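Two chains, each in its own frame: build the complex with the hints.
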Amino acid sequence: MTDGIKASAADSRVTELEDRVLLLEHKLAALESKDPVLEMQHVEKHFGGVHAIDNFSVRIEQGQIHGLIGPNGAGKTTIFNNITGIYAPDSGKIIFRGEDITGSSPSRVAQLGIGRTFQNIRLFANLSVLENVIIASGKDATYNLPQAIFHSDKYKKREKQINEKAMNLLEIVGLQDKANELANSLPYGHQRKLEIARAMALDPKLLLLDEPAAGMNADESLELVEFVREIRGHFKITILMIEHHMDVVSNLCDYCTVLNFGKTLAVGTPAEVKSNPDVIKAYLGGNE
Amino acid sequence: MIEAFNNINNAFCGFLHINPYIQGVVVLLCINVIAILGMAVLTGFTRLFSFGNAGFMAIGAYCAAILIVRHSVNFLIAMVIGAALAGFIAFLLGSLTLKLKGDYFLITCLGFGECVRVLLNYFKKFSGGSAGFPGIPNYSSMLFSVLCAVLAFFVAWRFIHSKYGRNLTSIRENEVAAEAVGINAFRYKRMSFTFSAVYAGWAGALFAGYMMYVVPTNFALNKSIELITTTVIGGLGSLTGSVLGAMLVTLLPEVFRSLSNYRMLIYGFAVVLIIMFRPNGLYGYKEFSLKRLINRFKGKPKTGKEAAS
Numbered sequence: 011m012t013d014g015i016k017a018s019a020a021d022s023r024v025t026e027l028e029d030r031v032l033l034l035e036h037k038l039a040a041l042e043s044k045d046p047v048l049e050m051q052h053v054e055k056h057f058g059g060v061h062a063i064d065n066f067s068v069r070i071e072q073g074q075i076h077g078l079i080g081p082n083g084a085g086k087t088t089i090f091n092n093i094t095g096i097y098a099p100d101s102g103k104i105i106f107r108g109e110d111i112t113g114s115s116p117s118r119v120a121q122l123g124i125g126r127t128f129q130n131i132r133l134f135a136n137l138s139v140l141e142n143v144i145i146a147s148g149k150d151a152t153y154n155l156p157q158a159i160f161h162s163d164k165y166k167k168r169e170k171q172i173n174e175k176a177m178n179l180l181e182i183v184g185l186q187d188k189a190n191e192l193a194n195s196l197p198y199g200h201q202r203k204l205e206i207a208r209a210m211a212l213d214p215k216l217l218l219l220d221e222p223a224a225g226m227n228a229d230e231s232l233e234l235v236e237f238v239r240e241i242r243g244h245f246k247i248t249i250l251m252i253e254h255h256m257d258v259v260s261n262l263c264d265y266c267t268v269l270n271f272g273k274t275l276a277v278g279t280p281a282e283v284k285s286n287p288d289v290i291k292a293y294l295g296g297n298e
Numbered sequence: 231m232i233e234a235f236n237n238i239n240n241a242f243c244g245f246l247h248i249n250p251y252i253q254g255v256v257v258l259l260c261i262n263v264i265a266i267l268g269m270a271v272l273t274g275f276t277r278l279f280s281f282g283n284a285g286f287m288a289i290g291a292y293c294a295a296i297l298i299v300r301h302s303v304n305f306l307i308a309m310v311i312g313a314a315l316a317g318f319i320a321f322l323l324g325s326l327t328l329k330l331k332g333d334y335f336l337i338t339c340l341g342f343g344e345c346v347r348v349l350l351n352y353f354k355k356f357s358g359g360s361a362g363f364p365g366i367p368n369y370s371s372m373l374f375s376v377l378c379a380v381l382a383f384f385v386a387w388r389f390i391h392s393k394y395g396r397n398l399t400s401i402r403e404n405e406v407a408a409e410a411v412g413i414n415a416f417r418y419k420r421m422s423f424t425f426s427a428v429y430a431g432w433a434g435a436l437f438a439g440y441m442m443y444v445v446p447t448n449f450a451l452n453k454s455i456e457l458i459t460t461t462v463i464g465g466l467g468s469l470t471g472s473v474l475g476a477m478l479v480t481l482l483p484e485v486f487r488s489l490s491n492y493r494m495l496i497y498g499f500a501v502v503l504i505i506m507f508r509p510n511g512l513y514g515y516k517e518f519s520l521k522r523l524i525n526r527f528k529g530k531p532k533t534g535k536e537a538a539s
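Read top to bottom, the protein sequences are chains W and C. Using my numbering, you'd call the opening residue of the first sequence number 11 and step up by one each time. Using my numbering, you'd call the opening residue of the second sequence number 231 and step up by one each time.
Just so you know, not all the hints are guaranteed correct.
What the hints assert, rightly or not - In silico DSS-like pairs for lysine-lysine, Cα to Cα no more than 30 Å straight-line: (1) C:K521 to W:K170; (2) C:K528 to W:K188; (3) W:K188 to W:K246; (4) W:K164 to C:K516; (5) W:K149 to C:K329; (6) C:K516 to W:K188; (7) C:K521 to W:K166; (8) W:K273 to W:K284; (9) W:K103 to W:K149; (10) C:K521 to W:K188; (11) W:K164 to W:K149; (12) W:K149 to W:K167; (13) C:K329 to W:K103; (14) W:K103 to C:K331; (15) W:K149 to C:K516; (16) W:K170 to W:K188; (17) W:K175 to C:K516; (18) C:K331 to W:K149; (19) W:K175 to C:K521; (20) W:K291 to W:K273; (21) C:K521 to W:K164.
Stated by the list, open to error - Only some residues are given here: those of chain C computed to face chain W with a beta carbon under 7 Å: (22) S392; (23) R396; (24) V411; (25) I413.
To be verified - Far from chain W by the CB rule (all over 10 Å, computed), these chain C residues: (26) L297; (27) N491; (28) M494.
Worth flagging that the hints you see were computed from the coordinates, not collected in a lab. Keep in mind it's a predicted model, so treat the numbers as computed, not measured. In this text, a Cβ means the ideal position worked out from N, Cα and C, and glycines have one as well.
Next up, chain C with everything else stripped away, as it sits in the complex (with noise of 0.2 Å):
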């Protein structure tokens, strides 16, 4: 199946002339649309920062890569699997501690994810420990990746554009009058919590097909904290906005290859501007639309004219 999968794809890369190169950017930046649109969903919407979300990536990864090398299960019902039990511990995590106030949770993620990573390393016969877990065959082609993006982005767009979207934002703009309203803040908060981490582990499960072997160095703090500064940068309450930034992290890295060292602090630096003078994020609580795109560009002349006459 999965050479069927690939073989459909080197057609088409070779139809179009994609190189290796092209596809493997490509297929990173799929997997942070994912994450990232995960993250959207908590930060965006529901205002939870998560410090803990590359731990939900580390479970996904190593749960579709165990079992696919190691039970050679099929690697879509891997992925969703893996996906799954990102969700599942992220619905008990919640549970545990969603009803604390302030910054508590935030902490709570933060040493999940820390755990998630220590656990990797010290449990060798399991997960490889810190040598990786090597063999995972190559499933992640470019096209697969595509489908994938796209299928979360509409699935986090219906999502978003539902009540499960719209009191999760109410939860955002004042959770005591959304209680008020009849909504179970801590429900809708596991909710959007264990959504977060499902699209992490699936993120996960296609890194570890892209990059064919996984070490628990990939899911450090640093990538949690860059899927929250891209969520920032992106814009909070857009799941455009977060594709954007997704595409900003990704596609800017690559094209700047000789700053690489730099790139914490070029990070850092973004975030302080953007805090600075788009506080929202480049496309905070507003979605791209076209509609608005092509009436600013007619509406632009028209408004012109008027002034003229």
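One chain only, chain W, in its complex shape (with noise of 0.2 Å):
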């Protein structure tokens, strides 16, 4: 009897801690979302007299999907050159998570969790499919020179960690039946998302995606909407993309901002930013 009694006030007790963990929780939820991911204010970049970056302010809410549209030349790569430490920005502040990594180095800012995709897909081409996901989980081998050499217990433990985070990753993508091919054997499609893969192997908290549709016809750049949204579900992460395809920016993105010459054009939801008429007269069809 007495027995029934204390477990019952056990389950109780569990249960209380589990409402109080809840909590705890959701009030971390709170305080992370109040801090933006990525903040950038007043960014400037200029290539002699060019104004590739005029200006430029962004804000992005954790778990949201961040659009940069405008035409070509407008300085939407310019923008992830400068996150991403290609360049260091002539003025301005880039803020990733609490820290300023202006003029970081680009290991340094890929280090701190922020993936990236190229335009122009840049993969190990003549390493295997595998190894390129491995070679970015570079974080996670722990192991120092000597325990490489004589293949201590942390060695093997970590490698079986990475090549089985790899195999993990490579599933989500839908790429594990090709994990040993050439990454340059790849159909497109498969290039690209063996990129986002890769990127996601650094367990970013931001992934820029650089023009993913770009050479996709209607129907692929559909899938690759569902692909990025399960991508999204899949990691809660958050994602900062550039693309030329109106329905896939509608499609998928919470903001976007429309840049032209370097000016910020428009700020807002997709649906906002279509009825903007500055918008509509520079990247719509300035003639009509």
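Laid out in structure tokens, this is it:
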């Protein structure tokens, strides 16, 4: 009898604790969502006399998909290159999860948790699909040189984990059957997916996609939209993407920023942006 | 200690009836294998070309020789110090030059190799000048050299098949993408350069113990070029291919002694032919594997049977 009472008391205690944990988790999530994942403040970049980016600011909240659109030469890729450290901005600040990353090196930015893909796909072409993903898991390889040379337990354990994680990622993007094929032997759409899988191996908090639907037809870009959605759902990740296809943007993005000649034309939801007269003039056809 | 090693070696060679000529060829082969393994890591896996590795060999050789002869340091310790000094200098040189893009690194290495040779000629009191540095005890016996080469191969193999090798390979494949996945390309290039210099220094120290006498001209530009061509002939991106290349380049001149005057000419032809017909080298981007070889032999009759049925 007393046992029963004890058990029920313990049960209620457990549920009580669980509730508290839930509450704390909610609070934590609320706290996190207050801080934007990425914030760019008045970033400028000039190349000689050309203002590639002019006073660009953006705030991307946790879990959002943010689109960057604009005609060719609007400065979209330059913004990516400023975030990822390929260029240092001339002025302004880039803050990633509370840390100032303005002018950090590309490798440092990647280690902090910003994964990216490239407009013209950059895979490790002569390596296998699996190796491409494994290389990006470098931060999980915490062993040192002697441990690698003597194949210590730590080395074996870490290598096994990295391998499993890479296979897991390939499964998520649907390339597990091609793990041992050379990266450059994959068809174009699969190379795009592999590039995303490789970026995800960094466990990034922010994923930058540079024209993921470039060179794809309507069906393929629709498939890509689904794919990016799945990735977002699976990893709860924040995404900043450059895209030309308006249907991809309207389908995927929560917010978007429209650029023209380095200047920000409009910010808002895809629907708002589409009806903005400036945008229609500059981007969707100025002559009409 | 040297005597003990040499006695074991003599007993071993006596037992197997290996004559001194063959022993010498094997020692030379081992020295080349070690130097070329270093080149393989640098050129084959990182795609950095160095025309200065003979300079690092010279540093290893002179450092070991001077320590042993003038300061009577144990030869094993002297060899380790020689290799470490070469690595240290490569680390400094790499820190200065590896941030440069394009061909500047190659040119710096070329200049560095020549500098080492000229300095060794110039500082006569320190290095014996162009007359050479004599009186080095013969510690590079066949058995010891083979041990060194096996150890060097083992370490290089494990190095390449860990995250270090993977990161170097990713820099070779696409440096921008490597940076984008968090690999500090500069740091890893410097590591690769240091690694190759340590191996070159090690090979140099063995060379000093084999020749018992070192001259700066041993480590002239020709030697650097020989190292690079061997790596290209053997195969970029393959350690076993590089060993194969070292064997070819060391053993063929021994077989065709009468043609030794045309050596560089033949190298040139060999490189051109290889670039034309096997652009990845004899064993490029693949490691030799017994399994694959056996499978190939097994696989052929199988397909034959299938075709017949």
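Comparing the hints with the structure gives:
no. : hint             : in the structure
1   : C:K521 to W:K170 : 23 Å, holds
2   : C:K528 to W:K188 : 25 Å, holds
3   : W:K188 to W:K246 : 26 Å, holds
4   : W:K164 to C:K516 : 27 Å, holds
5   : W:K149 to C:K329 : 23 Å, holds
6   : C:K516 to W:K188 : 19 Å, holds
7   : C:K521 to W:K166 : 23 Å, holds
8   : W:K273 to W:K284 : 17 Å, holds
9   : W:K103 to W:K149 : 26 Å, holds
10  : C:K521 to W:K188 : 22 Å, holds
11  : W:K164 to W:K149 : 14 Å, holds
12  : W:K149 to W:K167 : 14 Å, holds
13  : C:K329 to W:K103 : 26 Å, holds
14  : W:K103 to C:K331 : 28 Å, holds
15  : W:K149 to C:K516 : 27 Å, holds
16  : W:K170 to W:K188 : 19 Å, holds
17  : W:K175 to C:K516 : 25 Å, holds
18  : C:K331 to W:K149 : 26 Å, holds
19  : W:K175 to C:K521 : 27 Å, holds
20  : W:K291 to W:K273 : 14 Å, holds
21  : C:K521 to W:K164 : 28 Å, holds
22  : S392             : 4 Å, holds
23  : R396             : 5 Å, holds
24  : V411             : 4 Å, holds
25  : I413             : 6 Å, holds
26  : L297             : 25 Å, holds
27  : N491             : 39 Å, holds
28  : M494             : 31 Å, holds
Going down the numbered hints, you'll see the structure goes against none, and every one checks out.
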